[in-house]
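Student: Top line first, the protein sequences correspond to chains L and U. First residue of the first sequence: 836, per the numbering used here; consecutive thereafter. First residue of the second sequence: 132, per the numbering used here; consecutive thereafter.
Think of the hints as simulated: they come from the structure by calculation, not from any bench. Honestly, I wouldn't trust all of these hints.
[To be verified] To give a feel for the contact side, a few chain U residues facing chain L, derived at Cβ under 7 Å:
1. GLY144
2. GLY145
3. TYR179
4. THR227
5. ASN231
6. ILE232
7. LEU235
Where a beta carbon is used, it is the ideal one built from N, C-alpha and C, also for glycine.
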Amino acid sequence: MQLTKIIEAMELEVLTSVTEDREVLGGYTGDLLSWVMGRAESEMLWITIMTNVNILAVASLRDLPAVLIAEAAELDEAVIAKAKEQEITLLRSPKSAYALCVELGKLLA
Amino acid sequence: MSEPLKFHFPVSGGDFTSAGKASVQVKKLLRQLGISPDAIRRVAIAMYEGEINMVIHANGGSADLEIYPDYIKIILADTGPGIPNIDLAMQEGFSTAPDNIRSLGFGAGMGLPNMKRYTDDMKIDTEVGVGTTVTMRVNIA
């Protein structure tokens, strides 16, 4: 499913912009960067509560279509600015990572 | 045989905001050179993990990349504390990263295992109190 359709269906807040409407084939959830680095695939939407600047390096190196911040976790303006600069799509939702996984799973089923 | 293409990147220590910078640069570079996406992915993962290790444990170091026709060599060198027990360090989940580092999402104990998993060959030369050099090879042909 296209990223923009997922954003609409899951009512996600877009913190940057969608520079490329990539196809999303699945998801990956986790907050330990090396796990995500080693296990996520490039068509996966990454769901996390981690908000420091290092998530951008992981998203960029793994070519992830977007990072979805769960639980409405706060992000520094600097992180959002850097994401814009690197054209990484940052999304956010007040829902838990679990709830977001369930929703995404239903959408992609 | 022609000389390999060589690139050198300094890695600054303790700077978590720019950690991963060299890896992102390398990824762009390899893409421009037309290296296959799978090889780029493996080099990027291995290099990022190595870079982070040097930032966390060794107060920085350097990353060198050598591109040969059929493989890429990555050499990560630091003058940090060295690794006292390599077998232990290679175990998934084993980490000596301090709590403040873990709160940033690092210290999963997956760094060296990821580096080994995503490269075709990895060699660690380390001496306690002197430093560590990790040499990795990723086949591209």
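Student: Now, for every hint given, state plainly whether the structure supports it.
Tutor: Against the structure, the hints:
1. Checking GLY144 (chain U) against chain L: minimum C-beta separation of about 15 Å lies over 7 Å; hint violated.
2. This hint is violated: GLY145 (chain U) has a C-beta 14 Å from the nearest C-beta of chain L, more than the 7 Å allowed.
3. Because the closest C-beta pair between TYR179 (chain U) and chain L is about 6 Å apart, less than 7 Å, the hint holds.
4. The beta carbon of THR227 (chain U) is not positioned within 7 Å of any beta carbon in chain L (closest approach about 14 Å), and the interface hint is therefore violated.
5. The beta carbon of ASN231 (chain U) is not positioned within 7 Å of any beta carbon in chain L (closest approach about 12 Å), and the interface hint is therefore violated.
6. Checking ILE232 (chain U) against chain L: minimum C-beta separation of about 11 Å lies over 7 Å; hint violated.
7. Annotation: LEU235 (chain U) was flagged as interfacial toward chain L, and the flag holds, the nearest CB pair being 5 Å apart, inside 7 Å.
When held up to the earlier numbered hints, the structure conflicts with 1, 2, 4, 5 and 6 and fits the remainder.
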